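For reference, the chains in residue letters:
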Amino acid sequence: METVTLTIDGRPIAVPKGRTVLQAAIEAGISVPYYCYHPGISIDGSCRVCIVKIDKMPKLQTSCSTVCTDGMVVHTQAPDVVEARAGVFEFLLVNHPLDCPVCDKGGECPLQDFSYTFGPAESRMDFPRRVFDGEGVKADVDFGPTLMLNRNRCILCTRCVRFMKEIDGDAQIGIVDRGHGSEIATFQEQGVHSLLSGNLMDVCPVGAILTRDYRFKSRPWDNPAVVDTVCTFCSKGCNTSAWLKGKPEWAKGSRLIRMTPRYNPDVNGYWMCDIGRFNYHWIEGDQRLRRPMLRNGAALEPSAWHDVQSRLRDRLQAAGTTGTSAVQFLVSAHASVEEFFVLKQLLDGVLGNDGMAATTVTWTSSEKPQPDGAKLKVSKANAPNINGARDLGFHVGAGNEGAPDLSRLRAAVENGQVKAVYVIDPGPDGSLGDVSWLIAARQNGTLPLLVVQGVLMTELAAAADIVLAGAAYVEKDAMYVNDQGRLQAASLAVAPPGEALDDWRILVNLGRSLGLTLPYDSAEDVRRTLAAAMPGTPYAEADRQVFTRPVPARNWLQASNPSERWKWDFLYQDLPPVKGHSVQMEGIPAPIAVIPLKPVG
Amino acid sequence: MAYEPILTSQIDQPGSSTLDFYVQRRRGYEGLRKALTLQPNDLIEQVKASGLRGRGGAGFPTGLKWQFVLKDTPKPKYICCNADESEPGTFKDHVLMERNPHLLIEGCAISCYAIGAKVAYIYIRGEFYHVQQILEAEIEKAYKAGFLGKNILGTGFDCDVFVHRGAGAYEAGEETALIESLEGKRAQPRIKPPFPAVAGLYQCPTAVNNVETLCNVPLIVLNGPEWFSAIGPEKNGGPKLFCISGHVKKPGVYEAPMSTTLRELVYDYAGGMLDDRPFKAIIPGGSSVPLLLPDQLDTPASFDGVQKAGSLLGSAGLIVLNDTVCMVWLAMNLLHFYRHESCGKCTPCREGTNWLSQLLERIESGEGRPKDLDLLFGVSNNIVGKTLCAFGDAAATPVLSTMKLFRAEYEAHVREGRCTLPAEWRAKHPVFAGH
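Chains as they are written, first to last, in the numbering used here: chain A, 1 to 601; chain E, 1 to 435.
Since the hints were derived computationally from the structure, they do not count as laboratory data.
In this text, all values refer to a predicted model and were calculated from it rather than measured experimentally.
For glycine and all other residues, C-beta sits at the position ideal for the given N, C-alpha and C.
Any given hint could turn out to be false.
[Unchecked claim] Derived coverage of chain E by chain A (criterion: at least 3 residues anywhere in the stretch with Cβ under 8 Å from a Cβ of chain A; other residues may be distant): (1) 332 to 343; (2) 351 to 363; (3) 380 to 393.
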């Protein structure tokens with residue numbers, strides 16, 4: 001790769017040809033502020049805060065729009081740069097309401113951070129501020145089904161305008177009016193209607209665009225930990241970050257507070273869709289299964305795992321003696337690679353060569369209408385691991401676009417040939433597709449035994465004889481294979497609730513109770529065996545996948561988004577210690593136990 | 001005043017805008033006929049040799065601009081004629097298009113041939129409804145006469161000229177904003193580079209030229225570059241239109257060589273000061289340039305001459321001010337304009353023009369505080385040089401220039417808590433009427 005070498009603040013820096021001065025500075029950890037620049041969208045050059053002095057150029061230049069050349073000498077801290085930059089910051093705050101205490105962006109706001117660092121200590125503005133829709137949070141107006149807009153806070157960086165035009169492919173946001181009356185708007189105030197709308201809160205450098213989901217729910221210092229995970233709502237496998245609340249007792253005990261995209265140039269870039277972003281409440285919702293249950297007459301009763309396991313073994317063994325295909329497995333493609341691998345060993349061990357034939361993998365597909373020009377296309381298949389299931393030998397048909405075929409299983413169940421169906425579904429409600437026939441078969445007695453290993457008290461689980469509480473995708477270290485065939489690791493963010501167990505463990509326990517030797521004590525054991533079993537495939541890397549633990553949020557962008565990493569050095573350095581909950585807090589230094597006293601006299 | 005007008009010759013004659021008049025009385029389209037016998041590069045060399053400088057405001061050599069237009073590209077090239085004449089005090093292109101439109105049309109065709117374009121767009125100011133009608137009617141006649149369209153004059157050269165009327169934004173006169181507007185977007189400037197010569201209209205190589213500039217092109221081709229450069233001082237050759245407005249007896253558009261002094265323009269061409277009141281100051285180049293004082297009236301009205309005197313010739317819109325003009329009011333008046341016309345794209349201009357306007361209103365109304373003067377100066381300086389296009393500098397100039405030359409008036413306003421130079425005529429024309 002061709003590189004050029006320039007000097008920024010006396011430091012020689014080599015960057016690939018074509019990089020702008022701002023990108024070079026960011027990558028070298030030199031702080032230059034910016035608002036209209038965003039690495040994922042086009043360059044606008046309008047906010048003017050990234051101005052720097054470049055030798056041999058007559059005026060101060062915007063670093064975002066100046067391409068590095070060999071021998072260029074750049075100054076970001078020269079007195080005239082410092083003064084000019086402070087002047088632009090003063091302008092930016094002339095009409096900004098400074099309602100940081102009630103603004104959801106407060107604490108993670110580039111306008112706040114950079115103004116503190118680069119802006120003047122006080123403003124000379126003494127005229128009333130410009131107001132668009134009212135004062136304070138009353139100025140928050142509807143901006144489509146997922147968003148709220150506060151025009152008073154807007155600094156007109158036009159990142160949202162360019163995001164919609166370039167990434168979403170449908171330029172729904174524009175600027176109306178002119179000059180100091182310019183405002184962000186949509187046609188006839190219709191708001192933003194897009195599958196990618198949530199990204200607008202991420203690109204907005206102030207609290208002007210907020211998601212309804214996160215608005216008023218938390219503050220940055222209340223979500224001190226972040227986990228790298230992978231979204232499992234479709235086969236795209238966007239890399240995401242799960243944010244954890246430090247004081248779950250303030251939020252009905254829930255710890256997941258939001259999902260944000262994590263930069264991966266090969267999968268999702270800087271973006272994720274609204275389905276993955278907003279559809280996480282079920283994980284800690286009221287329908288969540290917290291312990292295994294056994295049917296006692298009309299009711300399902302919570303039971304201890306050892307009781308459940310022995311009942312499960314007995315009933316399955318009883319059913320299994322009636323014929324080779326008497327026990328059938330219905331597995332959601334939300335199951336992870338580890339789970340499919342253990343299940344395969346279980347099936348091979350118990351049913352031999354009939355094992356795979358006794359298993360049906362299922363998922364749903366749906367059209368997600370997006371503009372033709374959309375840069376982030378959401379996949380049709382609503383499951384993360386169809387390719388993983390195929391690679392491990394399960395029958396899933398060709399391609400991710402195909403639909404699962406449940407007709408054979410359904411016919412067998414409705415003909416009374418099947419004595420037991422064992423369902424594995426770590427996904428959200430509905431991820432199995434239409435299973436009303438299965439519920440009906442159990443209720444009218446055609447199917448004598450229904451076992452559901454899942455995470456939610458769905459209608460299917462409510463009809464089951466035995467319910468096994470498993471783990472959802474953020475509750476375990478697990479791997480999924482996306483529609484590019486890419487093996488990705490999703491880390492444990494929150495522990496499974498109550499007595500719920502990791503799904504691979506439930507299957508191992510079942511196998512052992514049936515007399516098999518499944519020598520796994522941890523998910524790593526499973527991955528190690530998998531890696532050894534499939535040399536020469538991407539799975540050979542299974543034991544080297546990196547799973548992270550919750551890390552202090554300040555490390556999050558440092559690790560995942562090199563273009564913004566330095567920004568986070570400013571954040572979270574003086575957080576109060578968080579006590580009394582189960583979130584691991586590795587990496588945050590322990591508070592000083594004793595405050596040294598000043599000598600008196 | 002021995003100078004015989006060239007660009008504006010016979011414009012007072014009936015039917016001066018028609019094709020017949022142009023062909024019969026003005027040697028119309030002879031320049032095009034001659035140009036099409038030359039190689040495009042020779043044409044560019046001729047324009048370079050003539051020393052023609054852009055008449056829109058910056059005075060950039062036109063031949064050089066054409067030379068910069070990217071040659072080796074499969075993309076089409078374009079001429080954009082900047083007819084978005086919106087600078088306060090400027091009304092010269094209006095006259096040319098209204099009274100001598102074929103000169104512009106011929107200029108467009110020759111320019112297209114010179115840079116290898118096949119299409120010229122005339123981007124006309126939103127308020128010029130009737131000029132658009134005249135232009136379109138005359139363009140149609142030019143098509144019928146074979147001066148535009150396919151195979152012009154049998155030479156195989158094709159050229160189309162289209163008129164596009166803007167939506168009434170001053171900023172659309174900035175060349176990249178003009179291109180954006182022509183593409184159907186908001187009239188907001190682009191970051192440069194890339195310059196229009198490399199990536200202009202539809203990202204294709206484009207030359208953006210002022211109306212008066214293009215009108216001079218047929219004359220250069222017809223009469224030769226030496227003839228052209230001999231009119232007026234060195235490096236400031238050619239006929240020039242001056243728009244004289246303000247406190248003079250005969251405001252209007254006057255054509256003169258650039259060797260003419262400001263004094264001659266004000267006292268000879270425009271008939272002297274209105275009501276023979278004393279001359280106080282002049283804005284020599286449209287509202288965006290620094291003022292000049294009485295002792296600078298003998299400055300030649302050329303690009304270099306006015307620049308040497310500390311201002312800019314700009315669009316040659318001379319705004320003459322007599323002793324009844326309050327300079328705080330003047331700055332407020334102009335800032336009202338700039339606040340209204342700021343496109344809002346970049347921060348210093350969007351926020352700064354509004355702030356300056358508010359400050360000036362406060363001082364002019366007598367509510368000003370002593371610290372407001374430093375604030376005014378500081379805010380203006382925070383705009384200058386920090387904006388995307390030249391608008392920011394233009395907007396701050398009236399404030400900085402009046403504060404530099406007439407600071408005592410500002411101080412008197414603050415000290416006495418009132419406008420110290422009220423004028424009856426101002427009451428009749430309130431600044432903020434209509435907005």
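Here is what the structure says about each hint:
no., hint, result
1, 332 to 343, "holds (count 5)"
2, 351 to 363, "holds (count 6)"
3, 380 to 393, "holds (count 6)"
Every hint, counting from the list given before, is met by this structure.
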